[in-house]
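Colleague: What follows is the residue order along each chain.
Protein chains: 2
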Amino acid sequence: MNNFEFQNPTKIIFGKGEIAKIAHEIPSDKNVLIIYGGGSIKKNGVYDQIMAALKEHHVAEFSGIEPNPNDTTCFKAVRQIHDQDIDFLLAIGGGSVIDATKFIAAAAAAGDADPRSLLGTIEVASRALPFGVVLTLPATGSEMNPAAIITNTSTHEKTVFKSQHVFPQFSVLDPTVTFTLPPRQVANGVVDAFTHVMEQYLTYSVNHKLQERFAESILLTLVEEGPKTLANPTDYDARANMMWCCTMALNGLIRYGVPNDWATHMIGHTLTALHGLDHAQTLAIILPTIMEYKRDKKRDRILQYAERIWNITEGSQEERIDAAISKTREFFESLGVKTHLRDYDINEDDIPKLIGQLRDQNLTALGEHKDITLEDSQAILEESL
Amino acid sequence: MNNFEFQNPTKIIFGKGEIAKIAHEIPSDKNVLIIYGGGSIKKNGVYDQIMAALKEHHVAEFSGIEPNPNDTTCFKAVRQIHDQDIDFLLAIGGGSVIDATKFIAAAAAAGDADPRSLLGTIEVASRALPFGVVLTLPATGSEMNPAAIITNTSTHEKTVFKSQHVFPQFSVLDPTVTFTLPPRQVANGVVDAFTHVMEQYLTYSVNHKLQERFAESILLTLVEEGPKTLANPTDYDARANMMWCCTMALNGLIRYGVPNDWATHMIGHTLTALHGLDHAQTLAIILPTIMEYKRDKKRDRILQYAERIWNITEGSQEERIDAAISKTREFFESLGVKTHLRDYDINEDDIPKLIGQLRDQNLTALGEHKDITLEDSQAILEESL
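Line by line, the protein sequences give chains A and B.
Going left to right, the first sequence walks through residues 1 to 385 as the numbering used here numbers them.
Going left to right, the second sequence walks through residues 1 to 385 as the numbering used here numbers them.
Keep in mind the hints are simulated off the structure, nothing from the lab.
Hints should not be assumed to be uniformly reliable.
You can't tell identical chains apart in this list, so a pair holds if it fits in one copy or across any two.
Below are the DSS-like pairs computed for lysine-lysine, each with C-alpha atoms no more than 27 angstroms apart in a straight line [to be verified]: (1) 21 - 43; (2) 228 - 16; (3) 370 - 16; (4) 370 - 353.
Based on the sequences and whatever the hints tell you, model everything.
Modeller: Written as structure tokens, this is what we have:
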């Protein structure tokens, strides 16, 4: 096992009816800004629950965070924070709203620094406003980690923002608020969490037995509960299990001490940036292709995955690997998430621009071995058609 | 799944050579008291590593924490803390030293309150001195939780002390410092962690799929790595996996949202208090008997445990349950931990006193259903002979 440091101070408040507890989690003297996306929280009762809980607090609002949030929207929130002396943020939404809130929290506390300079893979934020989360869309795990993806509008790049200062202080996870989500968003959440696990699991062994089994636990539960929660959106336990899987998939538990891949995410981000695909759609396209393309270097892990997740024990190694890749693709497709570029009207002519963006972002050495070059990414995209 | 709150702010620093990092974790202006047990840390190099790391700090020492630490020893440390204006504690040891340090940290900050009044199952400490941990004996999980077991010398009872204020600020887990541990302590650690998981796993289902699989992950890894690490104490990866299992077994991950048992621990504590058995020895005796005694109410869980941990899929339900109990007992015995009271020279005549102590502590309704009465505990002890 590799050496590692692990710390995750976020308080999780999990279960039906728990949103009311935010009243006690946010100090009563705070000037609160609630941050959300479109109007869905006004239709599903979440907005009303929050306003009832915060009736003793001073509350302002900022809405209009878009999917794959961009920095200019965040800067508008920062101006409102400064204008209104806001000192606590509450994100209400899924990964996009939480990610935006993290960046807003750091940018608002950055003083005279150019907030756009905070975007990048290196820890640069030295402080942030405190914030909490009410999660409405289980998927990204952002509710219990210190990372965000923000689109830099000056370069059109999806950029990582990370800081130890942007762990949510608390996150409320009430599975009942997800009952009214559109099936597409639920399916995307399952694919997103599944792929988060795979990026930390399907690499190579450093004798990290426990992290491997934790990863397999999440995959098995997603395979079991994902279809159930789509078939019956108000099955509380199925949705609770799925929600907890999404959080655990990206809160550090299975990440530390082990090799990490993330090539699927990096190539996938370009598909969202240039073609507007849902994040999970990009993962469903690229992950099976990378499994195929890297079948030799990932051989041992794919064979273990085949056996432990899909119970594939018969046949030659090549046959078992083929079967595991097919099972993965079929799982995504069974949820209604298509797994080929052509399903989204992206064809061979679009690949040069996608490669150009990877080049512009210096994403020229991807994967757990840093051996996926631009040529490899091009081949992966071609094989994803 | 039941509603729950989960928060664990302890920073884990894991891996070989990491003890030196304590220099940066403890502010340089702190007046540090290092707390340890006997002299083993002076023989295995840990003491020297710590003193080298803290050469710029002001450091005092308190040694002599006994196994199953008692409150009067802790009160001596509290006096030293007050006399020497100590404001940071560093526990160096296993569960006993860490547990003692937690109680010391709270008692030293308790002001005029009678520190013995802090002992009890209810959160009463309102503050505590900050402290860190250098773990030398993987077993209890105390390095990443806010609980301690302290013997109240006025009543001879092992008493739970819990407070959100006594999470360690950091815990250093360097598997290499465990290479020189006596085999008995390592075996005890495996049994202790295994039983911690079983107390949170072998209850009844509330559709907590992920927590179940996480629990099974720890059990499987202990079954796989436990014998390995005893056979070859310097196998770094085996010991690293075992160490991480012990921490994860009792840090909240598999506890929240699920029913908890803890009857084995409660009955076991009396065996330690009155007969001086190692904590893990008491668990190895009582757990298999409770599985047998509660085979009906725990039926579904034992059958799942039989299949997922021991691959027992053949035979009637009763046969599979019998086989699972046998496998559990054999596993403990294979590690060198005996599983019957007679192995420790405890016989039928000793049982009334043990029951008397359970009565004195009001431990008259144990287990996940609170249905293990004193009569049941007596039967369990008789069946453990």
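Colleague: Of the numbered hints stated earlier in the document, which are not met by this structure?
Modeller: none
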